[in-house]
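Let's have the full structure, built from the sequences with the hints guiding it.
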Amino acid sequence: IAGITQAPTSQILAAGRRMTLRCTQDMRHNAMYWYRQDLGLGLRLIHYSNTAGTTGKGEVPDGYSVSRANTDDFPLTLASAVPSQTSVYFCASSARRTGGLSSGNTIYFGEGSWLTVV
Amino acid sequence: KQEVTQIPAALSVPEGENLVLNCSFTDSAIYNLQWFRQDPGKGLTSLLLIQSSQREQTSGRLNASLDKSSGRSTLYIAASQPGDSATYLCAVLGSSNTGKLIFGQGTTLQVKP
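The listed protein sequences correspond, in order, to chains F and P. Letter by letter, the first sequence follows residues 1 to 118 in the working numbering. Letter by letter, the second sequence follows residues 119 to 231 in the working numbering.
Watch out, some of these pointers could steer you wrong.
Claimed, not checked - In the SDA-like style, the derived pairs of lysine to any residue whose C-alpha atoms are separated by at most 25 Å in a straight line are: (1) F:LYS57 to F:GLN85; (2) P:LYS160 to F:ASP72; (3) P:LYS230 to P:GLU133; (4) P:LYS160 to F:LEU13.
None of these hints come from the bench; they were simulated from the model.
As structure tokens, this is what we get:
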């Protein structure tokens with residue numbers, strides 16, 4: 001089934017540990033994004049990538065890093081997890097063309113990764 | 119800084135009722151606006167996307183309108199059904215062209231049978 005796959009679905013992590021959330025899409029979308037969703041704060045962009053080999057910082061990038069070695073994969077790494085990183089993390093992708101999402105391309109979301117840092 | 123607000127935060131209606139969800143944004147310089155649906159414990163599903171040059175989009179029982187000058191969008195749901203129960207989020211794409219969507223906090227809809 002075409003779409004976005006995130007792993008793990010959920011994880012409890014000790015503070016200070018390193019964690020990588022995986023995201024893979026099979027739609028050959030050039031743009032990918034990581035959001036976190038928190039009660040009362042909504043969805044906030046962490047990092048994004050407009051094309052393989054490039055990444056950019058979103059609204060809340062501190063404590064997170066990403067890489068985009070190829071079109072399909074966009075892992076998100078927490079180098080040293082802290083309790084404030086407890087959240088639901090969503091990976092998303094779109095077939096972003098030169099005009100960006102203004103070209104009319106829809107953004108697709110994965111099912112989320114529930115992360116608890118204790 | 120773009121801010122997106124959705125009112126009401128929660129809404130409960132009987133089945134069959136027509137309803138309107140509201141979304142407002144502070145900066146009218148947007149490329150487009152999208153409405154999403156999110157079921158509990160799930161990801162977001164795109165419902166409708168309105169380009170900045172468009173006034174409305176329709177899909178089935180859903181109709182979304184956009185008034186850039188006033189910074190408003192509405193999502194109209196006709197003949198609501200219990201299966202429409204979910205959280206509805208609107209998001210705008212600004213002029214920075216990073217693909218950064220700014221989301222509202224959503225309206226949680228409950229349709230009672």
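- Task: Any hints from earlier that this structure breaks? Give me their numbers in increasing order, please.
- Result: none
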